[in-house]
Amino acid sequence: MASTLPDNQAPETGTARVKRGMAEQLKGGVIMDVVTPEQAKIAEDAGAVAVMALERVPADIRKDGGVARMSDPDMIEGIIEAVSIPVMAKSRIGHFVEAQVLQSLGVDYIDESEVLTPADEVNHSDKWAFTTPFVCGATNLGEALRRIAEGAAMIRSKGEAGTGNVVEAVRHLRQIKNEIARLRGYDNHELYAAAKELRAPYELVKEVAELGKLPVVLFSAGGVATPADAALMRQLGAEGVFVGSGIFKSGDPAKRAAAIVKATTFYDDPKIIADASRNLGEAMVGINCDTLPETERYANRGW
Amino acid sequence: MSDTPVIGVLALQGDVREHLVALAAADAVARPVRRPDELAGLDGLVVPGGESTTISKLAVLFGVMDPLRARVRDGMPVYGTCAGMILLADKILDPRSGQETIGGIDMIVRRNAFGRQNESFEAALDVKGVAGDPVEGVFIRAPWVESVGADAEVLAEHDGHIVAVRQGNALATSFHPELTGDHRVHALFVDMVRADRTAESL
Numbered sequence: 001m002a003s004t005l006p007d008n009q010a011p012e013t014g015t016a017r018v019k020r021g022m023a024e025q026l027k028g029g030v031i032m033d034v035v036t037p038e039q040a041k042i043a044e045d046a047g048a049v050a051v052m053a054l055e056r057v058p059a060d061i062r063k064d065g066g067v068a069r070m071s072d073p074d075m076i077e078g079i080i081e082a083v084s085i086p087v088m089a090k091s092r093i094g095h096f097v098e099a100q101v102l103q104s105l106g107v108d109y110i111d112e113s114e115v116l117t118p119a120d121e122v123n124h125s126d127k128w129a130f131t132t133p134f135v136c137g138a139t140n141l142g143e144a145l146r147r148i149a150e151g152a153a154m155i156r157s158k159g160e161a162g163t164g165n166v167v168e169a170v171r172h173l174r175q176i177k178n179e180i181a182r183l184r185g186y187d188n189h190e191l192y193a194a195a196k197e198l199r200a201p202y203e204l205v206k207e208v209a210e211l212g213k214l215p216v217v218l219f220s221a222g223g224v225a226t227p228a229d230a231a232l233m234r235q236l237g238a239e240g241v242f243v244g245s246g247i248f249k250s251g252d253p254a255k256r257a258a259a260i261v262k263a264t265t266f267y268d269d270p271k272i273i274a275d276a277s278r279n280l281g282e283a284m285v286g287i288n289c290d291t292l293p294e295t296e297r298y299a300n301r302g303w
Numbered sequence: 304m305s306d307t308p309v310i311g312v313l314a315l316q317g318d319v320r321e322h323l324v325a326l327a328a329a330d331a332v333a334r335p336v337r338r339p340d341e342l343a344g345l346d347g348l349v350v351p352g353g354e355s356t357t358i359s360k361l362a363v364l365f366g367v368m369d370p371l372r373a374r375v376r377d378g379m380p381v382y383g384t385c386a387g388m389i390l391l392a393d394k395i396l397d398p399r400s401g402q403e404t405i406g407g408i409d410m411i412v413r414r415n416a417f418g419r420q421n422e423s424f425e426a427a428l429d430v431k432g433v434a435g436d437p438v439e440g441v442f443i444r445a446p447w448v449e450s451v452g453a454d455a456e457v458l459a460e461h462d463g464h465i466v467a468v469r470q471g472n473a474l475a476t477s478f479h480p481e482l483t484g485d486h487r488v489h490a491l492f493v494d495m496v497r498a499d500r501t502a503e504s505l
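Going line by line, the protein sequences match chains S and G. Take 1 as the starting number for the first sequence in the working numbering and just add one per residue. Take 304 as the starting number for the second sequence in the working numbering and just add one per residue.
Please keep in mind that the hints were generated in silico from the structure rather than gathered at the bench. Predicted model, so just to flag it, every value in this text is computed and none were measured. It is possible that part of the hints are untrue.
[What the hints assert, rightly or not] Reference listing, derived: stretches of chain G covered by chain S, where coverage requires no fewer than 3 residues with Cβ under 8 Å from a Cβ of chain S: (1) 344-356; (2) 411-424; (3) 436-445.
Glycine is no exception: its CB is placed at the ideal position from the N, C-alpha and C atoms.
Whole structure, please, built from the sequences with the hints as guidance.
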């Protein structure tokens with residue numbers, strides 16, 4: 001039957017639809033940071049929809065200091081071989097060669113991430129140039145739309161990674177949702193000025209005003225440490241959550257991971273969230289964001 | 304009994320919203336289903352795209368797997384896309400440990416058979432039972448069907464691999480019509496649900 005396809009309709013890879021569509025398949029799920037194949041298996045067994053392969057979780061990047069870069073290809077490949085769920089990996093902002101390397105390794109999604117040390121303080125990578133889809137962080141709607149204009153196929157609100165404190169995740173998601181709601185009330189004349197204010201392309205601003213949502217999937221990230229945190233982000237409108245340090249920096253990672261998955265699916269059922277929250281052992285200690293110096297806030301990275 | 308069939312979408316994880324929209328566009332009443340008691344009153348069910356391992360685990364954990372199997376065995380119409388196709392297969396060629404399926408179609412599926420995300424693709428497809436232009440097939444880390452039993456009918460192939468199958472009241476596609484805005488495959492399923500209701504009310 002394949003032979004009935006005309007030549008000019010040959011299969012096409014790397015389209016916006018397969019990139020954005022991939023993120024649609026992750027909705028309602030939890031994406032977990034892992035640093036070893038063993039952790040990746042624990043995450044998969046707990047019901048993660050994908051894993052983020054990296055050398056150090058954000059909490060350790062904070063502690064260790066220094067320049068944080070793309071992970072060792074051997075380590076990423078080890079994780080790709082260990083699990084059947086999608087594997088994501090991080091490149092530095094603007095470091096399109098790291099992104100090229102990650103694409104060549106066959107990762108399923110590239111996170112151009114503020115958690116790593118930025119390589120370019122003006123430009124992000126041109127994400128349209130890749131077959132592999134990108135997810136990018138955003139603290140507000142304008143930032144989200146600039147990333148989408150550059151080719152991001154998925155957005156995550158940034159939060160403040162490696163703190164175990166959900167306050168910034170809430171701030172950024174609320175900001176994005178509020179700005180979308182405001183656009184809904186604008187008429188055609190006002191959308192031009194809104195685009196200027198948001199520093200985002202008019203076409204994307206208009207699309208968001210019409211859809212009432214981003215044209216790509218929106219997850220939440222940066223500070224989720226408990227089942228209730230994950231459910232909170234879902235109730236606030238995130239379509240899924242990234243959990244970084246929160247799982248493998250806790251006392252019983254397998255149990256906490258499974259509990260966060262349950263609470264993410266049944267985010268509107270307090271009884272299930274209560275059951276999932278029982279006897280999880282130590283949560284990660286956490287950092288109070290109001291004592292975090294501006295220079296140590298990852299969310300400020302990205303432009 | 305009203306004329307409009309009520310079709311659930313298994314909403315444990317995945318692209319639930321797109322299926323709800325597609326079913327509504329195909330003139331069904333669509334609603335998300337997460338708990339066993341929400342299966343009551345459904346005329347049919349869609350198992351969406353997502354991560355098959357995650358959906359399978361959550362279905363077992365929250366007690367929907369067994370009731371679902373019972374309903375499918377009793378002949379409730381079901382349609383699965385991508386991960387949903389895997390869940391409707393009687394057998395997975397390469398299951399993760401403990402990965403269970405609902406079953407319903409006598410076929411063996413291979414997970415991620417078309418490759419990882421970099422190999423995800425779009426291609427036009429002729430689908431038996433869908434009239435007019437070819438269907439836009441969106442394949443995302445998609446499975447294919449290695450082989451089907453005598454009772455299963457192959458509805459579409461791509462590059463020599465089976466990508467759409469029907470057996471009785473069960474329908475499965477490797478691809479995602481819910482992502483395209485073309486609701487003809489969902490309309491085919493809604494027709495199956497209507498036919499089943501008519502047969503039952505006789």
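Structure-based check of each hint:
{"no.": "1", "hint": "344-356", "verdict": "holds (count 4)"}
{"no.": "2", "hint": "411-424", "verdict": "holds (count 8)"}
{"no.": "3", "hint": "436-445", "verdict": "holds (count 5)"}
When the structure is compared with the earlier hints, no violation turns up for any of them.
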